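Mind docking chain S with the ligands on chain A? Use the hints.
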Amino acid sequence: MAKRIDVSDLNVYYGSFKAVEGVSMTVEPRSVTAFIGPSGCGKSTFLRTLNRMHEVIPGGRVEGKVMLDDQDLYAASMDPVTVRRTVGMVFQRPNPFPTMSIYDNVAAGLRLNGVKNKKTLDGIVESSLKGANLWNEVKDRLNKPGAGLSGGQQQRLCIARAIAVQPQVLLMDEPCSALDPISTLAIEDLINELKNDYTIVIVTHNMQQAARVSDRTAFFNLKATGEPGRLVEVDDTTRIFNNPSQQATEDYISGRFG
Amino acid sequence: MSTVTESRGPADGVTPDTTPPGGKGGRDVLREMDNPHRVRAVKDVVAKVVMWFAFALAMIPLVWILTTVVAKGVHMLGSATWWTGNQRNINSDDFGGGARHAIEGTLEMVGMTTLIAVPIGIMTAVYLVEYGRGGLARAISFMVDILSGIPSIVAGLFIYAVVVTTFGLRQSGFAASLALVLLMIPVIVRSTEEMLKLVPNELREASYALGVPKWVTVVKVVLRTAFSGIITGVLLGVARVMGETAPLLILAPYTKNFQRDLFNGNFPTLPMMINQDRGDLALPAAAERMWGAALTLILLVLLLNVIGRVVAHFNAVKK
Ligand SMILES: Nc1ncnc2c1ncn2[C@@H]1O[C@H](COP(=O)(O)OP(=O)(O)OP(=O)(O)O)[C@@H](O)[C@H]1O
Ligand SMILES: [Mg+2]
Numbered sequence: 019m020a021k022r023i024d025v026s027d028l029n030v031y032y033g034s035f036k037a038v039e040g041v042s043m044t045v046e047p048r049s050v051t052a053f054i055g056p057s058g059c060g061k062s063t064f065l066r067t068l069n070r071m072h073e074v075i076p077g078g079r080v081e082g083k084v085m086l087d088d089q090d091l092y093a094a095s096m097d098p099v100t101v102r103r104t105v106g107m108v109f110q111r112p113n114p115f116p117t118m119s120i121y122d123n124v125a126a127g128l129r130l131n132g133v134k135n136k137k138t139l140d141g142i143v144e145s146s147l148k149g150a151n152l153w154n155e156v157k158d159r160l161n162k163p164g165a166g167l168s169g170g171q172q173q174r175l176c177i178a179r180a181i182a183v184q185p186q187v188l189l190m191d192e193p194c195s196a197l198d199p200i201s202t203l204a205i206e207d208l209i210n211e212l213k214n215d216y217t218i219v220i221v222t223h224n225m226q227q228a229a230r231v232s233d234r235t236a237f238f239n240l241k242a243t244g245e246p247g248r249l250v251e252v253d254d255t256t257r258i259f260n261n262p263s264q265q266a267t268e269d270y271i272s273g274r275f276g
Numbered sequence: 052m053s054t055v056t057e058s059r060g061p062a063d064g065v066t067p068d069t070t071p072p073g074g075k076g077g078r079d080v081l082r083e084m085d086n087p088h089r090v091r092a093v094k095d096v097v098a099k100v101v102m103w104f105a106f107a108l109a110m111i112p113l114v115w116i117l118t119t120v121v122a123k124g125v126h127m128l129g130s131a132t133w134w135t136g137n138q139r140n141i142n143s144d145d146f147g148g149g150a151r152h153a154i155e156g157t158l159e160m161v162g163m164t165t166l167i168a169v170p171i172g173i174m175t176a177v178y179l180v181e182y183g184r185g186g187l188a189r190a191i192s193f194m195v196d197i198l199s200g201i202p203s204i205v206a207g208l209f210i211y212a213v214v215v216t217t218f219g220l221r222q223s224g225f226a227a228s229l230a231l232v233l234l235m236i237p238v239i240v241r242s243t244e245e246m247l248k249l250v251p252n253e254l255r256e257a258s259y260a261l262g263v264p265k266w267v268t269v270v271k272v273v274l275r276t277a278f279s280g281i282i283t284g285v286l287l288g289v290a291r292v293m294g295e296t297a298p299l300l301i302l303a304p305y306t307k308n309f310q311r312d313l314f315n316g317n318f319p320t321l322p323m324m325i326n327q328d329r330g331d332l333a334l335p336a337a338a339e340r341m342w343g344a345a346l347t348l349i350l351l352v353l354l355l356n357v358i359g360r361v362v363a364h365f366n367a368v369k370k
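In the order they appear, the protein sequences are chains A and S.
Residues 19 to 276, numbered by the working numbering, are exactly what the first sequence covers, in order.
Residues 52 to 370, numbered by the working numbering, are exactly what the second sequence covers, in order.
Calculated directly from the structure, the hints in this document are not laboratory data.
Don't take each hint at face value.
Unchecked claim - Pairs of lysine-lysine residues, derived as DSS-like cross-links and limited to a Cα-Cα distance of at most 27 Å, are as follows: (1) Lys157(A) to Lys265(S); (2) Lys271(S) to Lys134(A); (3) Lys307(S) to Lys136(A); (4) Lys162(A) to Lys271(S); (5) Lys21(A) to Lys265(S); (6) Lys134(A) to Lys265(S); (7) Lys137(A) to Lys271(S); (8) Lys265(S) to Lys83(A).
Quick caveat, the model's predicted, so the values are computed rather than measured.
So that you can see chain A by itself, here it is in the shape it has in the complex (with noise of 0.2 Å):
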């Protein structure tokens, strides 16, 4: 079920800005892959080529080559939305949808794409609450608002909802950033259950997430402000905490920076 992600010398661009340049690597299929890095230096931007969000910005485009397994995300024949049904994407703000109940927020992908079964659609609901350890707080107030419950829970909610389309690829860019140490460590908890079935990338700023919860870290650096971002090292996430091959990553880590 989970697919291998191959990148190969990406470039990305915001009309005539280059964000992120010549970026190549592999995720593996059944990890956590971690990206670090220095604020504005394309982390999210990089994040979104995998599942072809970028384009959604008006004058946002991509040079260079994606596979997934062996599809070219970026062929000509591809159909984006296809690409964003392989690969989910959790977002830095929990962003249900304000419209709908808890119920409604997960099943809406499935929905959406014109699944109707009530049956069907109880069973993935149930399992993907379950699946994102919100079942047992939610199960009894399913028809209620997806935006009353906690932070936490949305974000949460929002997992269940990208699972429950049943991809192949989780992609989350910092999705803990707006939570407690309590919600956040329920869902590091997650993600550690999540990778024996998905392909799972995280962008994170903080670095214990990223030594707790990845098995390999990516780490992304810009020389300058307005100078693209570049991936300096992508290695086991335990050589990249205590033996990075690079300097500028050992500076980073160890908080002596710039």
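Using the frame of chain A, we list chain S with the ligands on its own:
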């Protein structure tokens, strides 16, 4: 310990450098700095008084109009025939008769207008906010601006020239509806646009990220989220055209009879019923009828507003 007064003023024997400039004025400045909260409180009171005064000023004409119309028209609404009858065979100086024909006519005509203008207006707004980029979108937006500035009588003349003169359609309720469509579209476009812009981009992205195609996202997420706001905008549009009279003068001559056919000549409406008696205000019967029709029109707009608010309330984003 020095007294309060001493501490505020420049003490004797202090070098001129430290004396606040401007003598007495300087002292006031110092006092103000001592009592910033007092200054703020005074400003607050002044602002409040000005605000209330402006509010009262704005309310005067409204209350005046309402009391006049209610006082002069309310007793007409008490009679049953007002709600069931028409004005057939009733001369200017005859009492009696009803406004049913005009109420039905107004509702029918505005209903037809809404039916045509709302889909066009909403789809235009969706295009402008969700799809439009560059020249075409700017051109459309500009034309909507122009449309919203067109005087209603010009809209009436335009429809007359096109529909009646060129295509040979009769003057009718429908012809008037078409003119009202021109007046309603810009209101709907602009208000819907505002509502669509209020829908956070995160919701669109959340939907795309689930692999939902753009058009489904627009219909099921964006329009759904903005729904109650759009309803409010539609109501503004309805209110805007319901009392419109100029195009009716040109396109839909009044009739005192029932006329439910929008395509068949003279057509009864409340604004035209008011207009009918306008010249005979010296006659008590005519004046009474006119105020009754005026009050009925106001109530109709009010009723639609209430209905719209109820609908909007039940579709509002829940917290
Ligand atoms: N919508 C946009 N339009 C134009 N430029 C953008 C846009 N979004 C981001 N950028 C620019 O692209 C560069 C990379 O931004 P990005 O958001 O990917 O950084 P990031 O590494 O995710 O930072 P953070 O850690 O603060 O989230 C920045 O220079 C930013 O200003
Ligand atoms: Mg970011």
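Task: 27 Å Cα cutoff - pair Lys21(A), Lys265(S) - done: Holds, at roughly 26 Å.
Task: Lys307(S) paired with Lys136(A) [C-alpha distance capped at 27 Å] - done: violated (56 Å)
- [ ] Measure nothing beyond the straight line between the CA atoms of Lys271(S) and Lys134(A); if it is 27 Å or shorter, mark the hint as holding.
- [x] holds (15 Å)
Open item on the list: Next pair to validate is Lys137(A) with Lys271(S); report whether the Cα-Cα distance is within 27 Å.
Closed with: holds (22 Å)
- [ ] Starting from Lys157(A), check that the Cα of Lys265(S) is at most 27 Å away, please.
- [x] Given pair Lys157(A), Lys265(S) is violated - Cα atoms ~31 Å apart, limit 27 Å.
Open item on the list: Against the 27 Å threshold, does the CA-CA distance of Lys265(S) and Lys83(A) hold or violate the hint?
Closed with: holds (24 Å)
Task: Pair hint outcome, Lys162(A) versus Lys271(S) [Cα-Cα no greater than 27 Å] - done: With Cα atoms ~19 Å apart, Lys162(A) and Lys271(S) stay inside 27 Å; holds.
TODO: Compare the distance between the alpha carbons of Lys134(A) and Lys265(S) with 27 Å, and conclude whether the hinted pair is satisfied.
DONE: Satisfied, since the Cα-Cα distance of roughly 20 Å is no more than 27 Å.
Hints 1, 3, counting from the list given before, are not met by this structure.
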